[in-house]
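Each protein sequence line maps, in turn, to chains E and V.
If you number the first sequence the way the numbering used here does, the last residue is 465 and the count never jumps.
If you number the second sequence the way the numbering used here does, the last residue is 465 and the count never jumps.
By construction, these hints were calculated from the structure, which means they are not laboratory data.
Being a predicted model, the structure only gives us computed values, none of them experimental.
Even for Gly, the Cβ is constructed at its ideal location relative to N, Cα and C.
Any given hint might turn out to be false.
[To be verified] Distance ranges between label pairs, derived from CB positions:
(1) E:138 / V:87: 16 to 24 Å
(2) E:162 / V:390: 52 to 60 Å
(3) E:236 / V:87: 44 to 52 Å
(4) V:134 / E:236: 33 to 41 Å
(5) V:134 / E:353: 57 to 65 Å
(6) V:352 / E:304: 34 to 42 Å
(7) E:138 / V:353: 51 to 59 Å
(8) V:362 / E:311: 48 to 56 Å
[Stated by the list, open to error] So, partial list: chain E residues that the calculated Cβ filter (under 7 Å) puts toward chain V:
(9) 17
(10) 18
(11) 25
(12) 26
(13) 55
(14) 84
(15) 129
(16) 141
Number of protein chains: 2
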Amino acid sequence: MAKKITPRSKDYSRWYTDVIQRAELADYSPVKGCMVVRPYGYALWENIRDGLDRRFKATGHVNAYFPLFIPMSFLQKEAEHVEGFSPELAVVTYGGGKKLEEPLVVRPTSETIIGHMYAQWIQSYRDLPILINQWANVVRWEMRTRLFLRTTEFLWQEGHTAHATYEEAQEETLRMLNVYADFAENDAAIPVIKGRKSESEKFAGADTSYTIEAMMGDKRALQAGTSHNLGQNFAKAFDIKYLDRNNELQYCWTTSWGVSWRILGAVIMVHGDDQGLILPPKLAPFQVVIVPIWRNEDEKAQVLKATEKVKATLAGVRVKVDDREEYSPGWKFNEWEMRGVPLRIEIGPRDVAQDQVVLARRDVAGREGKSVAPMMALAQRVPQMLTTIQTDMLDRARQYQKANTFQPATYEELKTAVVNGFALAYWCGDAECEDKVKDETKATIRCIPLDQGGVGPGRCVVCGKEATERAVFARAY
Amino acid sequence: MAKKITPRSKDYSRWYTDVIQRAELADYSPVKGCMVVRPYGYALWENIRDGLDRRFKATGHVNAYFPLFIPMSFLQKEAEHVEGFSPELAVVTYGGGKKLEEPLVVRPTSETIIGHMYAQWIQSYRDLPILINQWANVVRWEMRTRLFLRTTEFLWQEGHTAHATYEEAQEETLRMLNVYADFAENDAAIPVIKGRKSESEKFAGADTSYTIEAMMGDKRALQAGTSHNLGQNFAKAFDIKYLDRNNELQYCWTTSWGVSWRILGAVIMVHGDDQGLILPPKLAPFQVVIVPIWRNEDEKAQVLKATEKVKATLAGVRVKVDDREEYSPGWKFNEWEMRGVPLRIEIGPRDVAQDQVVLARRDVAGREGKSVAPMMALAQRVPQMLTTIQTDMLDRARQYQKANTFQPATYEELKTAVVNGFALAYWCGDAECEDKVKDETKATIRCIPLDQGGVGPGRCVVCGKEATERAVFARAY
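With these hints in hand, go ahead and build the complete structure from the sequences.
Below, the structure written as structure tokens:
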């Protein structure tokens, strides 16, 4: 606990790791590439999961569970898919003491096994659409790992849907992209750019991939969720067919979409500061921490009584009371600031005498973030303040993203722009131009935004050829 | 959907499988030994999970997540543990296209990897107790599998706690056994016998294992949850030590406890009948199904309007409205009975005219289960009836268990008893007597009940030697 957090300006990457370890969100494990999510981090993940799950159910989806193991032959049925995932597979070759006849892959994603089941469950148009989501662990062998952002095993959700028409599949693909954006902005307070992936960046096996991209505190981009229109690629590979209203056999149109615990890394990087985490109230395991302050037994009794009273008025708020004897109030302030609790309530003997408390916002440093409130007002005031904090955090992140997004007109300007943030620039659609930028600047095309801002055609920032769309170029996690 | 459910009396095992498949709880998968949990089954599992999770949190536990993969060497650190689990392991030997230096085991349970982490997290008595639970998938290679009851991969929760003293560990072990029993009886309506496992039946690596045992509809036993006092076995194997108040290094005392989706199999077998599932209201994905009935468009409009009104009065109840046009009311009655929905509400034109509905309980067949209620009364009546159904289901299962539990005094009586149900009989504690019963009758000692019913010592039902305790002998799943 003595370990200090490295300042962001000194080493952003170390700051990130320090915060995670100091706040006990996660820890390294003895298994290469795998991490342990500690209780505080898991509580945060549970809130992320619940926020997403609620939205999935509200849009008609149901949860199910498919096997962890996938026969190797299944992956090989979709050519692009197996090519994309082969280098990342973990393979089980022994089971129950015997060598397996066919090796089993630990799922890197479940399009194949789910496609196999859909082929059996779907007979006619009456069975469509199928709208299933799965919360699961998946494994992708990674060489360079980073807590939450890139780990060999990770937790995620993967939605898999089957539809009668291309239009319905496309509608679903965009619906879920919007669900992700809604969650990111309203629960995680992370502004995102919704867009299409370029051909070279799309999911292995998809017709079109969509993404939400967010700007981290170091101005790099992070892909926070993806939604794929898989066309009929998997339907053809797995023979997912239905009898239409004219009694003719048709291939289904399928989609898949996923968000992983990676988004927890985004929450850390978008909001955190040199003191540690700043958690948006909707996701914070504890929304409020109450720190009672006393110097003697008399005061202690009074203050703890008031603390209980205050806690009781905050029904529906996730409150932590830190009445530990072995730590000083100052130590506790630092501790809970580091752990990102949105709002602190201080109750000392003077406060009790005046029927008031001191409130301190985590997201606004120093005096400016402090206020005094009558105890009677807290039942209203605290939820209001949490709402304000939530909104302010989103606004601040939005301003940061805006301030660090540039619109370079020339290749030279682009090169400078991607060092300092996002570059929104015309792109002709040619992979050669995309590769050139990547090779020379390390920036990739994060997406072609769905909202092009109402501008007309222009000239590709790389080759100068005519371009109808603008893309976001950035260095990414 | 045309497939009929085999009657229980004809073939109990096929009845079980038929019910699961017809009700779309689960399906076989193309991966040997693994199953697919379909949305209806998963919704049931989510309610089981939530009921348990709520209880874990209320008793001070927090969730976390540990890696799926465990280095083979970890398992070998605890001698009994590796011996017990070796035959059941799935082993990853390739990762990222390369052969691994040390094979990784897909977790069959997580005492070892969690023990390794606890050794790093625990320094002093101030860090104790650690009360962590994990919801996860685990893999145990099974030769003969059965849906939910015995599958190669299964979902479960595993609690792992570390304490300063034996007493605290023992208290925790029994606390969680009681939590399981409370869940089984109050949520799943399954009466259970709490007891200690015999030496030969205990968890590989435990000092003492406790279990809750339930009687299925075919009078066989099913172990529905276990709680283990691990003594200092894993603490010594993984060097989990703490500095006590005297600044002396001590080994911790650890426990582990788990419930899997196996308990879902118990819900099916304890309550189901030849028509299909009967689900306890607290776990049912839909507690009420409303079937509107009409013959023409006029009636349809009226009836659907009333249906909406009824649904709106049932806030807080999980209601499904089945207004599909392509199925008849009779078909729907059968369908939702088969799927075990506790209460059906029928609304026809006459009911609308009289501001009433027909209620039909799933757990009471025929006229006896039917009643009529004014629409105005439903907001009160429906929750009351659900409570009554829940209680009646537990009572019925309790009576069934009681009626089929025998107290044989002789070995001959024991042999008859275990064919017809549970046998509660004196046992001297000798493994030889236990083995003899197992070999000759296929019945095992399910547990030595914690509640011995206040009887004194007696004579071992097998060898006639003095015995201080009675054990439950039964054939088991």
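Status of the hints after comparison with the structure:
no. : hint                      : result
1   : E:138 / V:87: 16 to 24 Å  : holds, 23 Å
2   : E:162 / V:390: 52 to 60 Å : holds, 58 Å
3   : E:236 / V:87: 44 to 52 Å  : holds, 49 Å
4   : V:134 / E:236: 33 to 41 Å : holds, 40 Å
5   : V:134 / E:353: 57 to 65 Å : holds, 60 Å
6   : V:352 / E:304: 34 to 42 Å : holds, 39 Å
7   : E:138 / V:353: 51 to 59 Å : holds, 57 Å
8   : V:362 / E:311: 48 to 56 Å : holds, 52 Å
9   : 17                        : holds, 5 Å
10  : 18                        : holds, 6 Å
11  : 25                        : holds, 4 Å
12  : 26                        : holds, 6 Å
13  : 55                        : holds, 4 Å
14  : 84                        : holds, 3 Å
15  : 129                       : holds, 3 Å
16  : 141                       : holds, 5 Å
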